[in-house]
Amino acid sequence: MVPRAEPRTYYDRPVLKKPVWKWYIPAYFFTGGMAGASSTLAFAARLRGNDRLARRARLISLAGIAVSPVFLIVDLGKPGRFYNMLRVAKPTSPMSVGTWLISVFGPLSGGAALSDVTGLLPGVGRLCEALAAVLGPGVSTYTAVLTSDTAIPAWHDAWRELPIVFAGGSAASAGAAAVLITPAADAGAARRLVTLGSVIELAADRAMEARLGQLAEPYKSGKASAPAKAAKALLAAGAALAFAGRRRPTLGKAGALATLTGVALTRWSIFKAGFESAEDPRFTVQPQRERISM
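So the sequence shown is numbered by this note's numbering: it starts at 40 and just counts up by one.
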């Protein structure tokens, strides 16, 4: 049996530099994910003839995708850095793919919402709505691929589960936002999406921590632990309250608020866990030495 490799580093100094991202990035993850999932919810509601839910989900999608590039551009520092990424299309780069995704998704979402509200060019509006719904899952999850495509151990080694965590959270937040502004009689599909999305995020998060082993420590301790624990509790409560909201709309709206807060805290905890795993050389050196010893 190969003895456990002891981590060694130069005077315990970090091997990796901390990410330079600020709070704008987890906010971007949250609003972009909600926008993408809301577009798919809007299209599904339209197909089922639930025009009230479809219109509100469409407006939520437009609001989310309108705010998301602002967070990204502010973090980049200069608007030109965003525009310059559109000069090339590189399928192997999550950043390039994501930039093109939101650049195409935004006008489609806007066109669908404008047509729906004004009644102009309904055929074009329906086409925009369908195309936005197709791109929605990619908009909701590409940020997870982007995050795990870094060298940060807590992100990189979570590449299998992180997109599922983001997908579940995006669906839950889209459903929750729709529950808040949709009459209870028309919000049944949104309530079910809250419950389903919350369960998916919680299950994927648990599977991720189990598989990561020692690398999951930043998610369970330090600055990331408190928001992570609060997120799990809020998501579980939100799912239960949303389910009860069919008969008691007030409980459904309370569950929606809990879910939105829980999803936002999940994004924040993932963000902070990445910083802590970069600062501690154990999370970089230990896995490398163990792979060499195998």
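Honestly, the hints are just simulated from the structure, not real lab data. Heads up, the beta-carbon is just placed ideally off N, CA and C, and yes, glycines get one too. Wrong hints could be hidden among the right ones.
[As the list claims (entries may be wrong)] Quick list of the computed label-pair ranges, beta carbon to beta carbon:
(1) A269 x V127: 36 to 44 Å
(2) V127 x R286: 52 to 60 Å
(3) L296 x A224: 36 to 44 Å
(4) K61 x A224: 26 to 34 Å
[Said to hold, decoys possible] Lysine to any residue pairs mimicking SDA-like chemistry, simulated, CA-CA at most 20 Å apart:
(5) K262 x Y63
(6) K292 x L235
(7) K57 x G116
(8) K259 x A246
(9) K129 x V143
(10) K262 x A128
Status of the hints after comparison with the structure:
1. At about 41 Å, the CB distance of A269 to V127 agrees with the hint of 36 to 44 Å.
2. The hinted window of 52 to 60 Å between V127 and R286 holds, with their beta carbons roughly 54 Å apart.
3. A C-beta distance of roughly 20 Å is found between L296 and A224, which places it outside the suggested range of 36 to 44 Å.
4. With their beta carbons about 42 Å apart, K61 and A224 fall outside the hinted range of 26 to 34 Å.
5. Between the alpha carbons of K262 and Y63 the distance comes to roughly 18 Å, so the proposed pair stays at or under 20 Å and holds.
6. Distance restraint check for K292 and L235: the Cα-Cα separation of roughly 16 Å lies within the 20 Å cut-off, and the hinted pair is therefore satisfied.
7. A hinted pair counts as satisfied when its Cα atoms are at most 20 Å apart, and K57 with G116 qualifies at roughly 18 Å.
8. Restraint check for K259 and A246: satisfied, since their Cα atoms lie roughly 14 Å apart, inside the 20 Å limit.
9. Using a Cα cut-off of 20 Å, the hinted pair K129 and V143 holds, with the two alpha carbons roughly 15 Å apart.
10. Between K262 and A128 the alpha-carbon distance is near 37 Å, which puts this suggested pair outside the 20 Å criterion.
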